[in-house]
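Enquirer: Chains as they are written, first to last, in my numbering: chain A, 1 to 401; chain B, 1001 to 1401.
Just so you know, these hints were derived from the structure itself, not from any lab. Beta carbons: idealized from backbone N, C-alpha and C, even for Gly. Take these hints with a grain of salt, some might be off.
Some chain A residues near chain B, calculated using beta-carbon distances under 7 Å [unchecked claim]:
1) A14
2) E17
3) T29
4) G33
5) I51
6) I57
7) N58
8) S62
9) M68
10) E86
11) P91
In silico lysine-lysine, DSS-like type, Cα no more than 27 Å apart, as pairs [said to hold, decoys possible]:
12) K1053/B to K55/A
13) K1087/B to K114/A
14) K1087/B to K60/A
15) K60/A to K1053/B
16) K1031/B to K123/A
There are 2 protein chains.
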Amino acid sequence: MGLIVQKFGGSSVANAERVMNVANIVTDTYKQGNDVIVVVSAQGDTTDDLIAKGKEINPKGSKREMDMLMTAGEQISISLLAMAIEKLGCPAISLLGWQAGFNSSSAYGAARIKNINCERLNKEIDSHRIVVVAGFQGINKYDDLTTFGRGGSDTSAVAIAAAMRADKCQIFTDVEGVYTADPRKIPNAKKLDEITYDEILELATLGAQVLNNRSVEMAKKYNVELEVLSSLVRKPGTIVKEVAKVEKMLISGVAKDCDVSRISVIGVSDEPGIAFKLFSRLAAKGINIDIILQSVGRNNTKDITFTVARSNGEEAVEIMRSFIENVGGSDIMIDNKVAKVSIVGAGMETHSGVAAKMFEALYSAHVNISMIATSEIKISVLVDEEDADKAVAAIHDAFIN
Amino acid sequence: MGLIVQKFGGSSVANAERVMNVANIVTDTYKQGNDVIVVVSAQGDTTDDLIAKGKEINPKGSKREMDMLMTAGEQISISLLAMAIEKLGCPAISLLGWQAGFNSSSAYGAARIKNINCERLNKEIDSHRIVVVAGFQGINKYDDLTTFGRGGSDTSAVAIAAAMRADKCQIFTDVEGVYTADPRKIPNAKKLDEITYDEILELATLGAQVLNNRSVEMAKKYNVELEVLSSLVRKPGTIVKEVAKVEKMLISGVAKDCDVSRISVIGVSDEPGIAFKLFSRLAAKGINIDIILQSVGRNNTKDITFTVARSNGEEAVEIMRSFIENVGGSDIMIDNKVAKVSIVGAGMETHSGVAAKMFEALYSAHVNISMIATSEIKISVLVDEEDADKAVAAIHDAFIN
């Protein structure tokens, strides 16, 4: 008994049969005595198809019109799901983002949710209807439609759960939960019963994208209990919350991220402020830096190495070229054949020797480490891209079995 | 120079090429110094495809959800057209029905436009933007989306023209204007330069569906000058207004309507109130009657014959069956193999002998007339469906050449 928010992605509602499957999950939850708000994405490839239609006509169409175009996708899926729920004999009503009260910033294509006016949602819940809400979309102060960017439906779901003080926010996906490693690659990967927000955030940034990061950050901020579970197999998934049940395992996951470029700036002046000058130029262009390594200075020069998302690699090199011209330095190197392998676990805060055990596992597997970065709950290493899967398997074996 | 409303149907924006064609027409009008509001329907078969998607999931889905589903169609076409206009270097903004201020009644699927709040439209026109408005859709007092029924985009266009006091409302179609008869059937059919609202209304009800009737009625009420013209051929079309230029032709068109069933109720009592009792039963079920013929009473009984749309034929017979059981009568006959052929022309009000000339033409062509109905500006006859084309040709020859 309570208010449950359920979110289904595009593949979960891709066709009539899948829509009916979702309607069954939703009505089962409702019939157990819960109030239910369902957040859905556009069906299957609808969003991509709409984008392609727009690009065919005008590759440089304005973002406002692209948002107008894309938001039609969820409009279709919410009405279909509402009709599917009606067919199963439960009262349902679909609401577009603006009808559900999603007030957003004006940044078309990447709007932020400013607040949710819950008046309509409350009215429909009070009328005991299952409310089907269009994810990914809102309205700005000009009364124009906006979208929240990729993964925006997760954010919509968590935002509604927070605003409506829901008892739980269930994110249905095509996997059964959060695993200690990619189960398609590591056969003995284990599904976690519980995980903390911080752990799943680290896993997400490390390339094990189960949940959209913004949505987890929001869930953490408003203390919304999340559950990641499968829309195809009816069994409990993984609960994400502030303090997870202490598991026997020291680490909660091993993740691989191949979307990495390593850039080295050689022979920069070894003087105060050099790092600030270098990284502020990247920040000004909106390029996020991940791991940073600075060599010990010699002959008044040093080398600075950092990693960025591979899509930002070339632009970062351009920026560094202008840095060398204006500030000084002798050379730039870029390596796109690297991958980041990481272990995450709240447990390592209180356990020593985790790093040593990880490095030992990599050594035994003959994997060379080129950079290392650590935080309270994670250790990341940069390795050759071709060694990445081997590294994940070795680490997983060492820690989880 | 002025404010021009242009309306394009689904086939005019069916694909990227057609959308660019429409964008060219619109921007040419804009570059001539006009303010332009464009009303568009959903692309090609989009509305039918969306309806099919809904019916697949739930053939009895609520009308509210069907409206939510269908209105996604125009959302796609308006954003695509706005982007096409942007590509041609003109400023454009797309507006959904609710953004354009279309306040409607609550009747999902067949809502009436109550009023248009022109605030947003005025703002965009003042900013010298070409405004692309979603036809067919509005919003009701519950903040829910509604649709105006088939042909609703014509109504949207005329309503905007009336509310914004536009100088002209151009309805683009796949024909070059209004013809004296169907040009595919009658090779010497002539395009009319001008026609009155009443004439085009009669033509529309008679099966020569060029413009949606509600839109013409609204244009007449608010004195909006309409022009029916082709989106594919750039030449003047037919102007529809209160007083048309007096043409040399006595009649402005010959039309055929095969969507007719003739129903006869035999042997009803010849007493006052019988017709009322009979037709009020049909009215209660929303069945419209067209031509009515009542035989002269004999032996205290009479026969009542009337025509209805063929889709209502079976239901009307059912209703008549219950009428006979409850009120009296001896038999019911239905004939689905009939057609209505009509001539329309404001000129006939002041000219005698029009009916005689029409009947002579039909006699010469060996077409038998089974019913006759007349109004100030039209004469309709019911004939065998297989004679209909012959009848149209004979009448057209007699009057127009």
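Enquirer: Each of the hints needs a verdict: does it hold here or not?
Expert: Going through the hints against the structure:
no. : hint              : in the structure
1   : A14               : violated (12 Å)
2   : E17               : violated (9 Å)
3   : T29               : violated (19 Å)
4   : G33               : violated (24 Å)
5   : I51               : violated (11 Å)
6   : I57               : holds (5 Å)
7   : N58               : holds (4 Å)
8   : S62               : holds (6 Å)
9   : M68               : holds (4 Å)
10  : E86               : holds (6 Å)
11  : P91               : violated (10 Å)
12  : K1053/B to K55/A  : holds (25 Å)
13  : K1087/B to K114/A : violated (32 Å)
14  : K1087/B to K60/A  : holds (8 Å)
15  : K60/A to K1053/B  : violated (31 Å)
16  : K1031/B to K123/A : violated (48 Å)
Against the hints set out earlier in the document, violations occur for numbers 1, 2, 3, 4, 5, 11, 13, 15, 16.
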